[in-house]
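Residue numbers (the working numbering), protein chains in the order written: chain A, 206 to 481; chain B, 1043 to 1233.
Hints are computed from structural coordinates only; laboratory data are not their basis.
It is possible that part of the hints are untrue.
Stated by the list, open to error - Taking lysine to aspartate or glutamate and the EDC-like style, the derived pairs with C-alpha atoms no more than 16 angstroms apart in a straight line are:
#, chain 1, residue 1, chain 2, residue 2
1, B, 1048, A, 347
2, B, 1048, A, 279
3, A, 404, A, 458
4, B, 1092, B, 1049
5, B, 1085, A, 347
6, B, 1085, A, 279
7, B, 1085, A, 246
8, A, 471, A, 450
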Amino acid sequence: MTCAEAQELAGPALDGGITDADRTAFFGHLMACFACRRAYELEDAARSIIRHAVPTVAVPDPVRRSIIEAVRTEATSEGPERRDIWSVIFGRIPAPIVGLGFAAVLIALLLIPTGPNDDLIRHAAANDVINQAASNFQLIRDGKIKPAMTSCSPEQVSAYLDAQHIPFQVSIRPMEHCEGYSAIVNEYDGVALAHVVYKIGGDLLYVYQVKTEEALGAQAHLTMSQAAREAIERTGWYTDPQHPDCNVVLWEENGTLCAAASTMKKDHMMAVLATR
Amino acid sequence: MKDKHKEFEAEALPHMDILYNFALRTTGDPDDAKDLLQETFLKAYRFWDKYEKGTNIRAWLFRIMKNSYINRYRKETREPDKVDYDDVENFYDSIRGDSKETSDLQQRMFGNLLGDEVTTALQELPDDFRTVVILCDIEELTYEEIAEFLNCPIGTVRSRLHRGRKMLQARLHTYARQHGLLSDDTPDEGS
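Isolated chain A, as found in the complex:
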């Protein structure tokens, strides 16, 4: 056994994470090597000091009570469980009513006021989903981001996306009057992202996609404004009013958070998205 190997095994030998064979070889090496023996004894000494000098403590009673109380308050302030908007629309309703449902959703979305508070919302953080979607859209328009795959067939782009083993369901669908479908995948801070671009007439419709948990979950790497978060949790949709040069719409679909940005007029964009 070399000194380097012995030093790697010093920790496991102390903590009980070593096989019998390694243990025999390790202590055999220590018998013959003063430097490794000394390093091992030192690691043992430091470990022992930490264990004894930093004892574990119980949560103080006032802290415990305050946390139990905070959770209870959270529990009592919770509303009834939210139902997924798409299961509400598609779940048990006959087809003609679904059509009316779409129309109603579309009208409601167009009528959602973007009140003065929304104007105060900024998405400056680099890990903000809306900021990323709007910035990427601009880069795509400027030709600074080039898709890895472009085709007139959505099936071909879908096959490309499947081959990338993205850990969430990427949404790509055939669209009327769509001249081309493009896609690219990448990572941001270790989070997988998929980007789909539709060319419809003279407009581009860009859809940024990420696993919902990465933006809305307890351990999310990405962020979203409180307003967007609440709207998506409440209705499944959010339209962002911050962008003078494009419209940005977010929705949640099958565990995937989608953020669409486009120069299309808002009503056209909503109509295209509502056909999904």
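Given the coordinates of chain A, work out where chain B should sit on it, guided by the hints.
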């Protein structure tokens, strides 16, 4: 809602002690530890439906706490952790130069350090290293548990622990020397 609350109280709250200790050792301040603990439990309650029943709840709670801590930390400071590897190397040079056998190495190298001093040295470690040292040496978790907590391979746990302990030894030794806790024949750093 009642069932959810009941279930949460029964499953999550029993792990408050280990989380509090981790929060305390990580933040170094009882008020911050309380805030971090409360934030962790509130987030865990809000996302209770995302917890997969039957999996390691302690690891799930721990990951929420770790992320909350990182988010807070990142908000408050943009300076990344700095590791002074020179300290570590100097310390090891001093050990290599010390050819005397001793039956009381701990006393000779670290003196009678108090809990506060050890806690301070621990808090000075970079996050990744401090976390594994706390989980292994204070909470006495196994490598497998730590790997699950941190969602990383066991090899990573092992190497971070090894380096974390080395850094800690160097800091404790320096600390003991600065406070005159070492005997005269203890080797100087770099000697």
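The hints, checked one at a time:
1. B:1048 with A:347: The hint is violated at about 54 angstroms.
2. B:1048 with A:279: 13 angstroms, holds
3. A:404 with A:458: 22 angstroms, violated
4. B:1092 with B:1049: 14 angstroms, holds
5. B:1085 with A:347: 40 angstroms, violated
6. B:1085 with A:279: Measuring from Cα to Cα gives roughly 10 angstroms; hence the hint holds.
7. B:1085 with A:246: 42 angstroms, violated
8. A:471 with A:450: Since the Cα atoms of residue 471 (chain A) and residue 450 (chain A) sit roughly 11 angstroms apart, the hinted pair holds (cutoff 16 angstroms).
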